[in-house]
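Trainee: I would like the entire structure built from these sequences, with the hints used as guidance.
Chains as they are written, first to last, in our numbering: chain A, 1 to 367; chain B, 1 to 245.
There's no promise every hint is true.
[Claimed, not checked] Straight line, CA to CA, 27 angstroms or less: simulated DSS-like cross-link-like pairs of lysine-lysine:
id, chain 1, residue 1, chain 2, residue 2
1, B, 86, A, 198
2, B, 86, B, 142
3, A, 198, B, 142
FYI, nobody ran anything at the bench for these hints, they're computed from the structure.
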Amino acid sequence: MRAFLGFVRKETLHLLRDRQTLAILILLPVVQVLIFGFAVRTDVQDIAIAIVDPTPDVATQELRGRIAASDRFHLVRVGSSTKELELEFRRGSIRQALVLPRDVERRLGRGDSLPVQLLTDGSDPNTGGIMQGYATAIVQRWYRDAVPAAGGLRIEAETRMRYNPTLESAHLFVPGLIAYVLTIVSAMMTAISITREKETGTMEMLLVSPIRPTAVVAGKVMPYIVLGFVSVLLVLVAARTVFGVPLRGSFVLLLAECGLYIVTALALGVVISTAVPNQRTAMLAALAGLLLPTLILSGFIFPLDSLPRPLQWLSHVVPARWFLTIVRGIMLKGAGLATLWQETLILVGMTLLFLGRGSRGLAIRLG
Amino acid sequence: MTTHAIDAQALTRRFGNFTAVDAITFHVEPGEVFGFLGANGAGKTTAIRMLIGALQPTSGSATVAGYDIRTQAEQVRRRIGYMSQKFSLYEDLTVQENITLYGGIYGVSNRDIATRTGDILARIGLEHAAAELVREIPLGWKQQLAFSVALLHRPAIVFLDEPTSGVDPITRRRFWELIYQTAATGTSVLITTHYLDEAEYCRRISIMVDGAIAAMGTPAEVRNAAGAATLDEVFLKLTRTGAAA
Numbered sequence: 001m002r003a004f005l006g007f008v009r010k011e012t013l014h015l016l017r018d019r020q021t022l023a024i025l026i027l028l029p030v031v032q033v034l035i036f037g038f039a040v041r042t043d044v045q046d047i048a049i050a051i052v053d054p055t056p057d058v059a060t061q062e063l064r065g066r067i068a069a070s071d072r073f074h075l076v077r078v079g080s081s082t083k084e085l086e087l088e089f090r091r092g093s094i095r096q097a098l099v100l101p102r103d104v105e106r107r108l109g110r111g112d113s114l115p116v117q118l119l120t121d122g123s124d125p126n127t128g129g130i131m132q133g134y135a136t137a138i139v140q141r142w143y144r145d146a147v148p149a150a151g152g153l154r155i156e157a158e159t160r161m162r163y164n165p166t167l168e169s170a171h172l173f174v175p176g177l178i179a180y181v182l183t184i185v186s187a188m189m190t191a192i193s194i195t196r197e198k199e200t201g202t203m204e205m206l207l208v209s210p211i212r213p214t215a216v217v218a219g220k221v222m223p224y225i226v227l228g229f230v231s232v233l234l235v236l237v238a239a240r241t242v243f244g245v246p247l248r249g250s251f252v253l254l255l256a257e258c259g260l261y262i263v264t265a266l267a268l269g270v271v272i273s274t275a276v277p278n279q280r281t282a283m284l285a286a287l288a289g290l291l292l293p294t295l296i297l298s299g300f301i302f303p304l305d306s307l308p309r310p311l312q313w314l315s316h317v318v319p320a321r322w323f324l325t326i327v328r329g330i331m332l333k334g335a336g337l338a339t340l341w342q343e344t345l346i347l348v349g350m351t352l353l354f355l356g357r358g359s360r361g362l363a364i365r366l367g
Numbered sequence: 001m002t003t004h005a006i007d008a009q010a011l012t013r014r015f016g017n018f019t020a021v022d023a024i025t026f027h028v029e030p031g032e033v034f035g036f037l038g039a040n041g042a043g044k045t046t047a048i049r050m051l052i053g054a055l056q057p058t059s060g061s062a063t064v065a066g067y068d069i070r071t072q073a074e075q076v077r078r079r080i081g082y083m084s085q086k087f088s089l090y091e092d093l094t095v096q097e098n099i100t101l102y103g104g105i106y107g108v109s110n111r112d113i114a115t116r117t118g119d120i121l122a123r124i125g126l127e128h129a130a131a132e133l134v135r136e137i138p139l140g141w142k143q144q145l146a147f148s149v150a151l152l153h154r155p156a157i158v159f160l161d162e163p164t165s166g167v168d169p170i171t172r173r174r175f176w177e178l179i180y181q182t183a184a185t186g187t188s189v190l191i192t193t194h195y196l197d198e199a200e201y202c203r204r205i206s207i208m209v210d211g212a213i214a215a216m217g218t219p220a221e222v223r224n225a226a227g228a229a230t231l232d233e234v235f236l237k238l239t240r241t242g243a244a245a
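Mentor: So, in structure tokens, the structure goes:
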């Protein structure tokens with residue numbers, strides 16, 4: 001036990017004396033929250049839109065007014081022909097164009113169908129889809145209000161977005177960011193710190209000493225568990241103060257699940273460290289083998305539903321996928337363990353698997 | 001005889017079809033300085049790894065400090081010291097922190113750590129540097145410190161794996177004085193080296209060729225048996241015939 005405590009102390013000293021790395025690890029969560037919060041927004045604002053209105057009248061005036069009043073849109077110009085549109089799209093001066101037919105007022109009065117063309121710059125499919133959605137919503141509401149409600153029943157769907165009513169992307173990325181930061185802080189740093197001892201030759205000395213390999217590893221990961229929790233708290237505080245991301249569920253449950261995921265990540269770090277010879281390879285393995293799946297196959301950046309089928313299957317073995325479901329459930333929906341026990345169980349299973357694999361790797365090294 | 005610090009009987013290790021260590025039999029007496037020589041790849045490192053309990057032998061047996069390396073690896077590890085050519089110190093910890101850490105790992109009491117730290121630092125002339133990072137102290141001192149740390153728990157035998165590579169002659173001489181002082185207290189020293197002039201300082205040596213012990217005895221015995229004037233000659237003779245065979 002004394003040997004173990006001495007080991008924890010030593011590992012803490014390593015961490016505290018490497019000022020640069022420590023500064024990066026502490027700043028990383030905060031900087032990432034700000035970057036994702038401000039720069040990588042998937043909700044779209046200030047869409048430059050042009051309207052082609054060959055015969056302006058009262059009805060089209062109303063539509064123009066609604067689009068101009070929306071803070072999603074920025075009405076660039078209203079023209080009478082479609083000639084210029086192609087050039088403007090290519091120049092990038094507009095990202096959307098709404099082409100209205102002739103005699104809108106008269107068609108509306110007769111209750112005719114209204115052929116409206118909506119052109120959207122689809123070079124970024126995600127934002128393209130979102131822009132299309134915004135514009136369609138405005139046009140439809142305008143149409144409903146303009147057509148006299150005479151004759152027959154009309155079905156009107158009142159839509160509400162649950163859990164994230166204003167569709168803030170910040171609310172969605174925070175859980176993913178926790179997984180991302182923990183992958184770096186826990187998995188990568190563990191892998192690096194173990195392989196560093198292999199490189200400097202101190203691991204050899206430890207393996208020859210009476211201290212057990214599992215005690216060595218447990219002592220090594222202790223400070224990174226603490227650092228992991230600090231990172232989680234930093235992400236949560238930054239997300240809450242800067243973007244007002246809510247925490248609807250239990251804080252204790254959230255921390256417990258984060259603790260579980262920290263252990264998952266640490267175990268993965270140990271698995272990597274037993275498989276690679278040096279720090280550089282450990283870092284590459286952690287980045288390519290852990291960080292990339294955490295970003296892409298977890299639903300963090302790309303919705304899982306939009307992935308090709310084989311990748312969707314593959315995502316089932318990515319721990320971050322389950323962790324994301326859990327954290328989003330707790331933070332946004334206020335879900336409890338009663339609904340999240342399956343995901344938690346999967347994560348526990350994976351963690352035990354990695355721990356087993358990691359400790360076997362250590363035992364093999366002892367030959 | 002279990003009074004030997006090391007007693008190896010037909011110790012063998014194979015990796016697949018390759019026999020790295022081929023039935024070596026030798027012993028090291030208490031307080032003896034034993035030179036373990038051989039070209040790179042002759043099997044020295046594999047043999048040492050078996051003796052320090054880091055590798056299981058394929059066949060044969062050995063006791064270290066009276067304990068069986070197969071079944072009592074834990075006790076073996078408590079009774080040996082080990083210093084690799086990389087010195088095994090933590091560069092970003094201070095001299096004192098390194099000593100305390102190793103003492104803790106080997107279960108040395110805090111009081112013993114304190115008194116032995118004073119002894120060590122006085123002996124190698126590092127009293128002023130206890131609070132300095134190991135990174136900051138010169139290589140020669142680092143190496144003497146690593147050796148002293150490997151002896152902190154008073155092992156029955158200490159394994160030195162090429163401890164003097166890359167060190168200047170004066171420091172090397174100083175290091176050998178430390179080795180003799182250690183042997184005089186009854187601790188055996190098994191040392192590997194590529195410097196054959198150093199081998200002359202050992203009480204007995206063995207030369208490994210292709211996994212087997214090709215010559216063993218006092219340096220004088222080994223020279224005479226081979227009809228050579230220097231150990232250099234003996235070494236070249238043995239390793240050449242070994243390569244031809």
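Trainee: All the hints need checking, so say for each whether the structure fits it.
Mentor: Tested hints:
Between the alpha carbons of residue 86 (chain B) and residue 198 (chain A) the distance comes to roughly 11 angstroms, so the proposed pair stays at or under 27 angstroms and holds. For the proposed pair residue 86 (chain B) and residue 142 (chain B), the alpha carbon gap of about 10 angstroms is at most 27 angstroms, so the pair holds. About 19 angstroms separates the Cα atoms of residue 198 (chain A) and residue 142 (chain B), which keeps this hinted pair within 27 angstroms; it holds.
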